[in-house]
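Produce the complete structure using the sequences and hints provided.
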Amino acid sequence: MSTQDWFAVRLSLQVAITAVIISLPSAVLIGYILAKRRFRGKWLIQNLVNLPLVLPPVVTGYMLLVCFGPYGPVGSFLAHTFHFRIAFNWLGAALASAVVSYPLMVRSIRSAFSSVDSKLEFASESLGINKFKTFLQISLPLASNGILAGCLLAFARSIGEFGATIMIAGDIPDQTRTIPLAIYSLANTIGGIKSGWPLVLMAISLSSISLICGEILERRGWRNDNS
Amino acid sequence: MSTQDWFAVRLSLQVAITAVIISLPSAVLIGYILAKRRFRGKWLIQNLVNLPLVLPPVVTGYMLLVCFGPYGPVGSFLAHTFHFRIAFNWLGAALASAVVSYPLMVRSIRSAFSSVDSKLEFASESLGINKFKTFLQISLPLASNGILAGCLLAFARSIGEFGATIMIAGDIPDQTRTIPLAIYSLANTIGGIKSGWPLVLMAISLSSISLICGEILERRGWRNDNS
Amino acid sequence: MTILEVDLCHQFKSGFELDIHFKIKNQITSIFGASGSGKTSITSMIAGLTKPNHGKVILNKRTLFDSYSHIDVPISQRKIGIIFQNHLLFPHLDVKSNLQYGIRRFSRHQSSTDLLRVCEVLEISHLLKRYPKHLSGGECQRVAIGRTLLSSPEALLMDEPLASLDDRLKDSILNYFDRILEEWQIPTIFISHNQSLVQRFSSHTIVVDHGKVLSTGLTADIIENHGPDIWKSAKGPINLLDIDSLEQDGESSYALICGQKIQLPSINQASNQKMYIQFSASDVVLSSNIIVNISTRNHLLGVVRRIVEQNSNILVAIDVGTIIWSKITMGAQKDLQLKIGCQIYCMIKTQSLEIVI
Amino acid sequence: MTILEVDLCHQFKSGFELDIHFKIKNQITSIFGASGSGKTSITSMIAGLTKPNHGKVILNKRTLFDSYSHIDVPISQRKIGIIFQNHLLFPHLDVKSNLQYGIRRFSRHQSSTDLLRVCEVLEISHLLKRYPKHLSGGECQRVAIGRTLLSSPEALLMDEPLASLDDRLKDSILNYFDRILEEWQIPTIFISHNQSLVQRFSSHTIVVDHGKVLSTGLTADIIENHGPDIWKSAKGPINLLDIDSLEQDGESSYALICGQKIQLPSINQASNQKMYIQFSASDVVLSSNIIVNISTRNHLLGVVRRIVEQNSNILVAIDVGTIIWSKITMGAQKDLQLKIGCQIYCMIKTQSLEIVI
Amino acid sequence: NKKSNNLMVFAASSLTDVLNEIKADYEEEYDTDITINFAGSSTLARQILYGANADIFISANKAWAHEVAQKKAILKRNNILGNQLAVIARLDSVYKPSKLKDLLNPKIQHIAIADPQGVPAGVYAKKALMSHGLWQQLQHKFIIGSDVRHTMAYIENGGAQAGFVYVTDQLISNSTNILITLGSSSSGIIEYPMLLLKNSNQNSDTTLFFDYLVSDEALQVFRKHGFIIHTH
Ligand SMILES: Nc1ncnc2c1ncn2[C@@H]1O[C@H](COP(=O)(O)OP(=O)(O)OP(=O)(O)O)[C@@H](O)[C@H]1O
Ligand SMILES: Nc1ncnc2c1ncn2[C@@H]1O[C@H](COP(=O)(O)OP(=O)(O)OP(=O)(O)O)[C@@H](O)[C@H]1O
Ligand SMILES: [Mg+2]
Ligand SMILES: [Mg+2]
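Chains as they are written, first to last, in my numbering: chain A, 23 to 249; chain B, 23 to 249; chain C, 2 to 358; chain D, 2 to 358; chain E, 12 to 243.
Check the hints yourself; a few may be wrong.
Restricting the straight-line Cα-Cα distance to at most 25 angstroms, the calculated cross-link-like pairs of lysine-lysine (DSS-like) are [claimed, not checked]:
(1) Lys52/D <-> Lys130/C
(2) Lys52/D <-> Lys52/C
(3) Lys52/C <-> Lys58/A
(4) Lys141/A <-> Lys153/A
(5) Lys97/C <-> Lys141/A
(6) Lys155/A <-> Lys262/C
(7) Lys57/C <-> Lys153/A
Computed spacing ranges between beta-carbons, pair by pair [stated by the list, open to error]:
(8) Cys89/B <-> Asp103/E: 17 to 27 angstroms
(9) Arg307/C <-> Lys24/D: 44 to 54 angstroms
(10) Lys82/E <-> Ile39/A: 29 to 39 angstroms
(11) Glu38/E <-> Trp65/B: 20 to 30 angstroms
(12) Lys64/B <-> Tyr69/C: 50 to 60 angstroms
FYI, nobody ran anything at the bench for these hints, they're computed from the structure.
Please read these numbers as outputs of a predicted model, since none were measured by experiment.
Even for Gly, the Cβ is constructed at its ideal location relative to N, Cα and C.
Right, dumping it as structure tokens:
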């Protein structure tokens with residue numbers, strides 16, 4: 023693999039990890055609310071969250087560009103106030119990955135919270151621990167396996183993200199060319215897709231490693247600790 | 023919306039539903055095995071299942087094409103033996119959607135099976151019901167909410183699937199042009215994305231409807247049947 | 002004086018209706034009733050886990066729930082400790098963290114419930130590093146008890162807290178409860194199917210049946226008036242008598258029961274804790290005069306207060322200073338010509354007596 | 002004759018070691034031991050839920066588990082019914098479907114356990130359409146019992162099956178158990194902390210302590226030899242007598258025991274099955290002559306065969322055609338001048354008698 | 012070895028190979044880093060319109076160049092670079108059309124064409140077919156590619172028996188060959204307009220590179236890769 027390829031691998035990792043970190047807090051919150059609360063506008067939130075799942079990633083990327091691009095409302099605000107830009111930057115790639123993988127993460131986290139026995143939460147409250155602390159000390163740790171699974175899922179999805187990334191971050195070598203963009207670009211050159219194989223294998227092994235890490239973490243948790 | 027747009031909506035539905043039906047049986051099986059059994063090659067299966075998640079969909083589509091295309095081993099076999107073709111056909115779109123959404127479905131189903139209390143399965147076996155029947159009568163119904171969620175997720179993902187579909191099914195108007203392909207084609211014209219809004223809204227409402235159906239089915243199940 | 006006032010109306014979807022009203026002071030009150038009569042539902046509504054259709058729950062003048070003025074204090078602020086029928090330990094925390102989870106959350110009580118003491122009494126000191134899934138049924142139950150006690154609540158609800166424990170543990174835990182509750186002076190609700198536990202442990206009893214309060218009052222009165230109806234076991238109601246004082250004479254021990262002497266089975270460890278003797282109604286033989294040449298050692302003279310016929314058997318309440326129930330056949334009643342007011346000897350084999358601390 | 006042979010060695014990660022060996026025939030055997038002594042672990046290994054490190058489980062010559070020859074029969078083919086400490090009802094099935102779930106799975110037994118009968122005895126007929134989450138604790142327990150009985154297993158393991166039930170229900174369910182097990186003739190293991198349940202229900206007892214078998218044998222013997230160590234107060238061995246024939250006289254029933262007549266507590270349903278009467282040694286009063294003016298109805302004349310001193314109590318074996326054990330104080334022995342060979346009356350209250358079918 | 016200057020080129024993806032070669036040559040000679048963002052012309056145009064910092068935009072057709080030129084300030088532009096459209100088929104295909112009319116033959120079930128609504132290659136193909144009066148008749152045979160490379164993939168993989176791609180693209184493939192080359196008379200002149208955009212952090216190197224792109228040295232490379240040089 024060329025140094026450019028190695029750069030793509032490093033960048034993909036950086037982007038995917040950032041994407042997970044960006045989305046995690048709100049995904050945990052939304053996942054918890056969707057799992058444990060009943061309220062009026064619930065289906066609306068659910069739909070919003072699922073939007074990036076049903077839209078072609080290119081369209082998602084386009085919407086992000088409209089919003090976060092240098093002329094977009096958020097983008098120009100950030101640029102003027104903090105001299106900070108997201109589009110055409112690795113941060114843009116991270117944002118794209120975060121948005122596209124968000125529904126997967128929320129879903130995983132939501133189902134993790136759903137399977138935490140509400141009676142345990144009641145028990146905690148009856149010991150004088152308020153709802154928020156109960157969330158922190160009971161619901162969150164008990165859902166941690168599912169949250170972890172959600173992160174890994176989002177990570178894997180980010181590693182493979184193409185459509186939205188090329189829209190908002192562009193395919194700029196040494197800046198925003200993640201593994202999928204590099205594969206695509208290789209496919210467009212004379213050697214063709216064959217020269218892309220090392221990168222394809224790299225993508226696969228990254229996700230394998232993340233999965234295996236996840237398994238190990240999970241196995242060390244309370245859930246699978248048998249006999 | 024034009025008649026072509028309506029065709030895209032109908033086709034997308036057909037493709038997504040077919041994709042779910044194709045993948046469901048094996049996803050249930052694999053999900054169960056991953057959740058409840060421990061064996062040597064487990065991580066390998068997991069990696070294989072997750073492959074379509076980490077690869078850019080275009081690469082996935084390319085691999086499918088290499089395999090199922092008219093010149094691919096499976097494709098040419100099917101063509102010669104059964105005069106039946108998958109690639110460049112709505113079946114190809116269904117196959118692409120099925121493959122791309124497979125990891126999501128398996129994950130959802132896996133975590134559903136994981137949260138079925140093993141002791142209940144033991145109880146069933148102690149009543150003389152063998153492992154297979156226990157699976158059918160206890161594990162499966164108790165995991166049904168998660169399986170349903172997995173189907174909806176796969177459905178939603180299929181509605182939005184673009185990269186692999188365009189690779190293996192091609193964008194043949196009135197034959198394989200699903201909603202995302204239609205949106206993409208609109209986005210490529212200079213008038214641009216604006217004329218694509220009706221289709222974007224259509225995609226969103228399809229997934230909303232599926233989500234709401236899911237909620238209703240879930241609420242009628244045993245899990246949320248309170249007081 | 003701490004008071005818990007409860008007023009609950011609820012209609013379950015299954016058709017079961019709960020309609021419960023009672024007040025208890027800082028005392029231990031048993032709720033007694035058949036399986037499915039609504040005991041668990043009552044406690045879960047007091048604690049706030051289930052919301053009743055109508056009603057009111059007031060603890061120490063704090064309104065915890067009132068359907069009319071839409072008050073519904075969050076569970077965590079009700080300061081009510083619950084020991085659940087099914088433990089509900091936190092699976093991701095080890096025993097020690099489980100115990101410390103709610104420690105001193107409610108600040109009123111400052112002593113006699115430190116972690117060490119609780120672990121010692123409940124015999125769980127060796128389990129502190131374990132996780133709940135590696136505990137036996139009884140061990141779980143003990144940890145759950147400890148966890149609740151350590152949170153020093155202002156009222157305590159216990160749903161079969163001792164169901165799967167053996168007698169020795171039951172006794173020592175009950176004594177500990179007794180002492181803590183004596184000190185804390187908080188209203189305590191105790192649910193158990195074990196008649197002798199109810200009798201020993203609770204001063205007051207509320208009898209519920211099909212979701213309604215059947216009767217309420219001092220445990221002793223309830224037993225006198227409703228004993229035969231409530232405890233329908235083959236051996237009749239259980240008699241539980243306070244021992245006034247203890248006397249050792251050679252190898253035998255004697256106790257004074259309302260001024261009358263009674264020989265006890267040999268006790269190994271003499272203790273200076275409060276002791277009771279316990280025997281079932283079917284163990285009490287009645288005779289109209291003192292009989293010699295018989296192995297039965299104890300003859301308590303008393304007056305017949307009530308005669309109840311139940312399933313072709315006769316239950317007789319004899320006042321020997323306290324009430325003793327005896328279960329005899331109809332033939333025996335005829336032979337002895339038992340009538341209310343007549344004097345009679347209650348003969349109780351020493352071997353039938355059980356000593357309870 | 003059905004035999005269950007158990008041979009288990011297991012080391013838990015927590016350090017707890019299980020090392021258990023016993024054989025039981027088609028009889029009801031209690032496993033008795035303190036909380037955390039390994040009772041639940043034993044049953045779960047017999048049933049196949051936990052795999053022991055070493056050992057062997059053999060039922061009716063079928064090897065269910067053998068670590069040496071690597072035999073491990075699947076749970077579903079072991080034909081062992083378990084009633085779990087925590088119910089484990091299927092939450093997605095209603096009560097009726099729960100009951101029918103394993104019905105007649107094991108085909109040996111054909112009668113006395115149809116759905117209707119089970120529902121009637123367990124008093125759950127009105128619950129058939131409910132889901133487990135809408136049941137009370139005791140109701141869950143009863144459904145779990147019914148579910149297991151209906152699967153007609155070849156061996157039965159029961160872990161505190163009656164813990165949260167009241168006495169009346171306990172009695173009726175126990176009688177039903179008794180009758181079914183009599184008919185089925187299968188090895189049955191019964192775990193309970195309730196001394197009187199163990200005494201009444203099981204013919205044999207295995208005492209475990211810290212994962213080891215402490216002693217095993219007839220319940221009566223165990224009680225006689227280990228009673229005071231195991232139970233806080235023992236009522237002495239249980240006497241179980243065959244009833245030769247039954248006689249109805251007006252409202253009372255009489256039985257002939259080795260030619261002597263004895264009055265029984267009123268029985269509601271007369272049955273033509275074999276019947277026993279059962280009473281504990283402490284229920285037997287000895288007197289040297291027949292006494293009148295006493296509520297005790299039965300005087301069986303016998304000859305003293307053995308006198309055993311145990312923990313300052315006296316156990317007397319009286320031959321009335323069959324042996325009856327009586328437990329009395331040393332003082333009583335002295336007063337009655339009991340010696341081997343002398344004649345004596347055994348006085349037994351009708352109410353102390355329990356009829357076992 | 013960071014160079015002191017850098018500039019950003021947005022180029023249509025069909026230029027990937029050739030521009031990479033030119034870039035390498037240029038960087039060897041000058042103290043400038045060149046970054047090239049390859050994507051479909053429509054994506055690039057949209058990125059520029061929404062604020063991407065591009066110094067040079069090379070579009071694959073006039074329409075997208077025009078779109079950008081309308082809304083952004085343009086310092087320089089040229090239309091020197093050109094291409095040719097061709098009908099290609101797999102080497103092993105049974106039926107090889109020799110003129111456009113042959114595409115009507117039923118042995119050709121599908122014809123691969125880049126999206127005629129917006130993708131330049133498709134727009135040119137449509138124009139050529141219109142001029143031969145075949146557009147309407149062939150409608151039902153089209154399989155639409157999202158860009159030229161995708162269109163060619165259809166042919167390579169058997170999705171179509173023939174299709175329209177640029178001559179330059181066919182050179183990359185070794186499983187197809189050119190059957191018909193379309194002249195500018197039928198497809199219209201195929202141009203790759205190069206735009207030098209006015210940018211906030213402009214420097215002289217930008218102009219230097221823009222000029223280099225039309226230098227003989229660069230044109231040589233373009234020709235080598237099959238491009239046509241228009242001399243107006
Ligand atoms: N999975 C496990 N891992 C480690 N230790 C365990 C595990 N399960 C049980 N133990 C320990 O083994 C011992 C025996 O447990 P078991 O459940 O058999 O007790 P038990 O006799 O049923 O007690 P109880 O009457 O309280 O239910 C206990 O000390 C318990 O802590
Ligand atoms: N969620 C529910 N929905 C419908 N009915 C319920 C629900 N919970 C309990 N019941 C019914 O209400 C009645 C009272 O239940 P509860 O659990 O209070 O009984 P309990 O007195 O605690 O009995 P036990 O001694 O068996 O635990 C029962 O008949 C039960 O079937
Ligand atoms: Mg209850
Ligand atoms: Mg146990």
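Among all the numbered hints in the text so far, which are the ones the structure does not match?
Structure breaks hints 2, 6, 11.
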